[in-house]
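Asker: Okay, here's what each chain looks like letter by letter:
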Amino acid sequence: MFFASCLFYMYFIPVYILIIFLTILIDYFAAIGIENSTSQKGKKRHLVFGIVNTCLVLFIFKYHNFFIDNFNAMGFHQLANWRIILPIGLSFHTFQSLSYVIEVYRGNIKAERSILTYSNFVMMFPQLVAGPIERANNLLPQLKTCDHEITYKDFSIGFHRFFWGLFKKVVVADILSTFVDATYNNYRLQPGSMLLAGTIFFAIQIYCDFSGYSDMAIGVARMLGFKFKENFKIPYFSKDITEFWRRWHISLSSWLRDYLYISFGGSRRGKILTYRNLMLTMLLGGFWHGASWNFIIWGVLNGLYLSFERAINLPRWRPKNFIVKAIRVGYVFTLISFSWIFFRAVTFHQATTIINRICFHFKASGFKFLDINIFTSIVAGIVILLGFEYFVFRKYTFDQLFEMKRGDKMLSIFTVLFIFLIIFFGNANGSQFIYFQF
Amino acid sequence: MKKILIKLLIIIISVIVIDRSLTYIFDKVVFSKTMSGETGGTVNYLIKKKKDKDFLILGSSRAKYHLDPSLLTNYYNGNGYNAGISGTGGLIYNDLLLRLLTSKGIKPKAIMLQVDIYPYFTTDDEKTENEFLQLYPFIGQSDSLRAFIYRNVDYTEKFKLFFHTYRYNGKFLNVIYNYAKRKSVKDNNGFVGLPAKFDTTGFRIKDDLAKKHTFSQAKINALLGIVQTCKANNIKLSIVFSPSYQNSLYLPEGNTMITTLLRNNGVQDIYDYSQLDSLPSSLQAPSMWKDALHLNKEGAAIFSTILNEAIAAHH
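Quick note, the sequences are listed as chains A and B, same order.
Just so you know, we're using our numbering here: the first sequence kicks off at 73 and counts up by one.
Just so you know, we're using our numbering here: the second sequence kicks off at 25 and counts up by one.
FYI, nobody ran anything at the bench for these hints, they're computed from the structure.
None of the hints are false.
Capping the alpha-carbon separation at 35 Å, the derived lysine-lysine pairs in DSBU-like fashion look like this:
1) Lys26/B / Lys481/A
2) Lys321/B / Lys75/B
3) Lys467/A / Lys27/B
4) Lys440/A / Lys321/B
5) Lys74/B / Lys131/B
6) Lys31/B / Lys481/A
Owing to the predicted nature of the structure, the values given are computational and were not obtained by experimental measurement.
So that you can see chain A by itself, here it is in the shape it has in the complex:
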């Protein structure tokens, strides 16, 4: 497992393996230091050592140039940017390492003494570059069981799940990306109607791109006998933003909740401080995605949505009527899609221009399919996706489907069907996973 993970990571830039080794060493020794310390002060010192040094690595590679740019923009000395390429998956494995140290400090888990086992926990190749951000209490015990068996059930479920993820990525996300890129890259020339379609398609693209990767990662791990936590639970069927964040990128949102929101005080210190905590948590969540003001705005927007819902107590109103449910789903999709504009746009100016064109230069007659073949494939892909998500995965997990009578056979048939959909409709020159850049 360790060598496979090293090879997997070194396929990108081999020397960057040293960075991940560095973070492993920092947090491995920090956790042992915490456990060995007899005083609370000593424990805290080791925790701070682990957190600061791990965050320092993240800062150097991810945020250094952002701060330089902003200092320069404020008129300070003209400092030069560093020409460095962000190591893939840096944000993911640093967060995974941080959660381990914090959990050891909180006394929820014991420090891992085997550096090989701990390295496997941080570097495990299916989740190394884009998550899910696994927790030590879930993955470490599985890694310690060296003689674990690859069962037929695990392999089958993992295998079917992998192809479902691949379908989402290459058929839906990659085909959508051709439309999204065409509109967003030429946003000045596009009418609002095209940009609105591009924004809606991006909302679906990013879901299929990221959840597709998660499905593949969870699937590969399961084929090898490891069970990862779920990362997405059909989030666009949520009826409020609070629920959305319980279903979207669950491993990150639960990380933010457990280690930031609760650490800030959560909802225990009155309404105003709760709103502040929500805003701060989401702002940092946005900043985690990338060193850019657009990601910060994206985070702030989501913080505002969550605060607003908490102020009016929206999550408590559970709709029973289908029409009200549909309206609530539409409300979530609209607000989230709006925030995606900042996520997808390269600059703040691009984002505001797109919003301006959607609002004031809509021009419905200017809408074009661009390429009828691509557009039809997009519609077909979305219909298949929605059909499976609504009628199957909303009700059943892969485990439940497998356990059903003739479930294994049905899953095998669907997998073969997905393979042919991938061959016929998949974007053969597809793009990189969006979350690889984080």
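Here the structure of chain A is known, so what remains is to put chain B in place on it, guided by the hints.
Answerer: For chain B alone, coordinates are given in the frame of chain A:
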């Protein structure tokens, strides 16, 4: 473990069997009956209905929309078919198309090849794979086409091509659409006259034109491949350089280099209209163009007539 291996084996065998059967049925029942569209339909039309033409015009959209065979009366009495294709139509595509046609016994007396220097010769080699894609559905019909494609793609593409259904990747719906409208395809000579006039608002020549001085070896090889195929099959080869609005595609040093290369390889029949100034002033007006790269119907008629007169003078 045994059960896992059996399951994998069953799925792999099922996929291969379905793949081969589906491709065979789809090819025979649907694809081979399409007679229009750039996903292979126009090539089918040429192979099935225009194989006895005296000459073929090959090239990009700037061949398809510029050269009307019926007006080229001094060139084999205008008995030709325009097989230019928009979107792709670069030299690699045309080299492969010619290999496909000759391997199927389609050997016209002459080929009129439309060539552009910029951007076709100056784009990066790695982008040339896109030119193979259009002819993937014909891989099974020509050994030389298959051999060429397998020689020039990387291992991931070879893996994808193991699945025969992949030949229709990204084309499936277009093929179905072209199949549905196959009966409405009228007899044609491949030329398409573009309507409308060029709105020059916002037009400017690309800044990078002057910077492109490197030439793709893969495309030079494809050009020489066409020359060799024509020689081997006793097909006369004529070259046409098409004009562009305000010389937006004109790259003189590239013209000189390619013309010299062609002459050194025995191609003497070259009609160079890449410099718009060499044509009558009427063709320089925006009213003769659809966009900066394509003449409209009226412009194409004038250009074809001029070319026809030049052919008469040349011979």
